[in-house]
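Peer 1: Residues per chain, in single letters:
There are 2 protein chains.
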Amino acid sequence: MTQLNQTHDAQLTSWVPSAQALGCDFPIQNLPFGRFQIQAKQDDWRIGVAIGDQILDLRSALSVVAWPAEVARMLGPLAAGDLNAHMAESSVNRSALRAALSTSLQTGSAHQAALAKCLVAQSDAQMSVPCRIGDYTDFFTSIHHATSVGKLFRPDNPLLPNYKYVPIGYHGRASSINVSGTNFKRPLGQILPPGQETPVFAPSKRLDYELELAAYIRASNVQGEPISMVDAEDALFGLGLLNDWSARDVQAWEYQPLGPFLAKSFASTVSPWVVTMEALAPFRLPFTRAEGDPQPMPYLTSKANSDSGAINITLEVWLQTKTMADAGAPAARLSTSNFAEASYWTLAQLVAHHTVNGCNLQVGDMFGSGTQSGPKLDEGGSLLELSKGGKQPVELPNGERRTFLEDGDTVILRGYCQSPDGSPSHVRIGLGEVRATVLPARVG
Amino acid sequence: MTQLNQTHDAQLTSWVPSAQALGCDFPIQNLPFGRFQIQAKQDDWRIGVAIGDQILDLRSALSVVAWPAEVARMLGPLAAGDLNAHMAESSVNRSALRAALSTSLQTGSAHQAALAKCLVAQSDAQMSVPCRIGDYTDFFTSIHHATSVGKLFRPDNPLLPNYKYVPIGYHGRASSINVSGTNFKRPLGQILPPGQETPVFAPSKRLDYELELAAYIRASNVQGEPISMVDAEDALFGLGLLNDWSARDVQAWEYQPLGPFLAKSFASTVSPWVVTMEALAPFRLPFTRAEGDPQPMPYLTSKANSDSGAINITLEVWLQTKTMADAGAPAARLSTSNFAEASYWTLAQLVAHHTVNGCNLQVGDMFGSGTQSGPKLDEGGSLLELSKGGKQPVELPNGERRTFLEDGDTVILRGYCQSPDGSPSHVRIGLGEVRATVLPARVG
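Chains X and R are the protein sequences, given in the same order. Counting in this note's numbering, the first sequence runs from 33 upward without gaps. Counting in this note's numbering, the second sequence runs from 33 upward without gaps.
Hints in this document: simulated from the structure, not taken from any laboratory. All values derive from a computational prediction rather than experimental measurement. It cannot be assumed that every hint is accurate.
Which copy is meant is left open, because identical chains are indistinguishable; a pair holds if it fits in one copy or across any two.
Claimed, not checked - As a list, the in silico SDA-like pairs of lysine to any residue whose alpha-carbon atoms are at most 25 Å apart:
1) K73 with A473
2) K237 with P289
3) K335 with A363
4) K73 with G166
5) K423 with P235
6) K335 with V232
7) K237 with S260
8) K408 with P289
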């Protein structure tokens with residue numbers, strides 16, 4: 033696990049004033065990476081670091097400061113828009129770059145004048161997905177989600193017998209992963225109307241979101257050589273948010289016996305910023321099992337994982353309907369949950385499990401956490417859960433109701449870390465947000 | 033559908049003598065693409081075309097002949113080892129390259145002297161997977177396989193209600209796809225011993241092969257815009273063989289509710305040569321539905337597909353145990369089946385289905401056909417089927433028996449097209465073979 037260092041010091045401030053704004057996701061203690069181009073110029077893609085409401089453009093920054101040689105070397109691929117190359121750097125090297133960026137952005141830095149010219153307003157940037165994503169694997173780590181959804185299908189036996197032993201996962205579709213802001217059409221597909229035996233082809237009527245974390249992988253193990261729990265934490269580069277949109281009616285008809293397919297592959301949406309594992313270091317928590325639950329198998333166990341395998345991240349779902357947007361009304365919060373509480377498995381366990389059969393991970397692979405639902409009924413990370421399978425509509429502040437998503441609905445996922453008592457010992461480290469709007473289905 | 037042209041003429045012969053050998057997979061009518069380097073030199077990867085037991089090295093060939101400008105342009109990326117760039121070319125362009133290669137390799141060609149120096153013996157070549165594979169989707173198209181396997185789990189209700197409506201598929205793991213000849217260790221994983229409630233962690237005892245075709249995709253539709261049946265055939269670049277190795281005991285414990293994961297992702301193996309759809313044109317057959325079966329939905333229907341959507345490809349599984357190899361005994365054929373007979377869906381239908389929800393395909397994506405089992409009991413494309421779920425061992429010619437694969441077993445899949453009566457009107461167009469050996473499981 034990354035040790036705390038001077039970059040985590042809660043007293044640090046930046047010469048970028050907005051980094052100190054109340055509730056800001058991107059203070060100087062965060063320094064997440066994103067890939068962008070300047071909207072008006074449509075020029076080459078480059079990697080930037082979010083600071084306050086600005087982006088430090090690493091392409092410009094490379095040339096205006098006399099960086100130490102090792103830092104300059106690492107800035108090269110980042111300036112060219114290649115986050116994967118940086119992800120593959122050793123943890124020592126990545127820490128060195130973080131320390132250099134932290135120092136340069138601190139109040140009083142000698143580089144302020146030069147770097148101030150390298151700032152781009154986030155509102156002027158066109159973001160892309162943060163890296164070249166290879167394979168995408170989606171997990172199912174929230175036992176509360178697994179239980180709630182299982183209950184809809186099997187009231188007497190909601191949780192399958194393998195759940196407490198196997199970190200259940202499946203392969204997802206990588207090509208249709210979009211960055212926040214990419215709206216998409218409601219999918220069409222085969223749907224079995226209730227009580228019938230012959231499916232119809234129609235737009236999905238049960239379109240849903242799923243509140244997930246995205247974990248970006250930086251390891252590349254040789255096929256046949258698993259990543260042990262001792263090395264698994266180092267396989268993780270950082271985290272973002274993921275909305276794993278799901279067409280529940282398509283899913284119900286297609287998913288036996290090989291799992292979800294077209295119900296998910298029409299679109300998945302990720303947040304633009306990757307918050308590094310180093311930035312998240314102050315928010316680690318012990319990993320524990322409830323009394324009576326089986327202990328994880330040895331290949332899913334390590335002391336470091338028991339001590340601090342979990343991460344205290346607050347997650348939120350917000351919805352803004354077209355009616356709300358037209359009336360200038362803000363989005364309404366539908367639910368909140370916490371990653372440490374929702375997830376039955378840690379990210380390191382997902383890495384160790386994924387590779388224990390010899391499967392090789394590659395730099396830029398993405399893991400979805402699965403829907404992060406908390407233990408309470410109003411902590412469900414999907415409308416399927418909040419509406420009890422579509423039976424109890426969710427009431428919105430303006431009197432609208434939702435069982436599933438309607439055209440024009442905008443879903444926003446947010447995530448952030450903060451010390452539970454709100455004390456200033458840890459500043460807020462935010463993941464930012466991922467948002468997209470449901471467009472009407474294609475006609476014909 | 034590709035029209036027949038002069039490259040399909042069964043009377044054509046090549047100045048490469050082995051191309052006329054009896055039973056040769058790679059006569060001049062085939063011209064499949066593969067990616068290779070010369071073993072002894074370990075130099076840059078390049079694309080070649082198989083002819084007889086040789087490879088025409090397109091890197092060398094580019095410089096020794098005064099090709100027409102358009103052909104020379106297309107040879108550029110191929111010389112650099114980039115098959116994806118060629119896959120993205122229009123069908124007119126790809127046909128033009130095929131015609132130029134066919135002419136140059138024909139008996140009497142003016143280019144014989146120059147191109148003879150560009151031949152590399154296949155035995156001297158190190159092959160790689162043929163292209164950069166993006167997403168890998170595995171289907172489940174053999175109704176006989178679905179029924180046989182379903183019967184093992186649900187004797188009274190073997191085929192699920194969605195099967196005859198939905199071309200069932202799921203996302204596979206792309207990173208662990210290897211080329212033929214890449215041996216792999218038996219995977220370890222969680223297994224539930226019969227009659228027990230707690231899993232153990234152990235090497236798979238029910239390791240199996242799956243006889244599949246690999247279809248390489250050349251389309252790149254915009255997300256949200258499906259590929260209709262009219263355009264679906266043009267989305268296909270060509271075919272190879274795929275062994276989708278499966279750990280049945282791992283699969284049985286892990287696969288509910290989200291499908292196969294670690295039971296498959298340890299290794300998949302493809303043949304090195306991609307036989308183009310144009311080369312397969314003489315072997316197309318009508319697509320039909322058995323009486324009483326539902327007709328495919330309109331989005332899975334076209335006249336061209338009804339006329340010639342199926343492909344007459346004979347498929348074979350061969351096994352050589354370590355004992356057989358040590359005794360110098362040849363591999364034994366375990367089963368044979370035919371793609372047109374085994375598959376309930378055509379490749380064009382898989383393309384149309386995959387994209388009907390808006391999912392975007394990319395050049396280099398790979399589709400697995402699913403296990404191609406024929407209607408007869410001895411036509412099963414896996415040991416799971418041939419051994420009735422591990423209950424009836426398969427007898428080998430040397431007296432050995434197999435329920436599942438043992439360490440040291442080499443599995444070879446072969447495929448070829450030939451006119452049913454063996455008449456010379458169509459020469460044999462082979463897919464070559466895919467082979468790999470099971471190595472002992474990693475210890476500890």
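Peer 1: None of the hints should be skipped; say for each whether it holds.
Peer 2: Tested hints:
1. In this homomeric assembly, K73 and A473 never come within 25 Å of each other (Cα to Cα): the closest approach is 32 Å inside a single copy and 55 Å across copies.
2. Taking CA atoms no more than 25 Å apart as the test, K237 paired with P289 passes in both settings, with 23 Å inside one copy and 22 Å between copies.
3. Taking CA atoms no more than 25 Å apart as the test, K335 paired with A363 passes in neither setting, with 42 Å inside one copy and 49 Å between copies.
4. For the identical chains of this complex, K73 and G166 are neighbours neither inside a copy (28 Å) nor across copies (30 Å), given an alpha-carbon limit of 25 Å.
5. Proximity of K423 and P235 under a CA criterion of 25 Å is satisfied intra-copy only: 20 Å inside one chain copy versus 45 Å between copies.
6. With identical chains, the CA atoms of K335 and V232 are at most 25 Å apart between copies only, with a shortest distance of 22 Å across copies and 53 Å within one.
7. Taking identical chains as interchangeable, the C-alpha atoms of K237 and S260 lie at most 25 Å apart only when they sit on different chains, with a minimum of 23 Å there against 43 Å within one chain.
8. Taking identical chains as interchangeable, the C-alpha atoms of K408 and P289 lie at most 25 Å apart only when they sit on different chains, with a minimum of 23 Å there against 30 Å within one chain.
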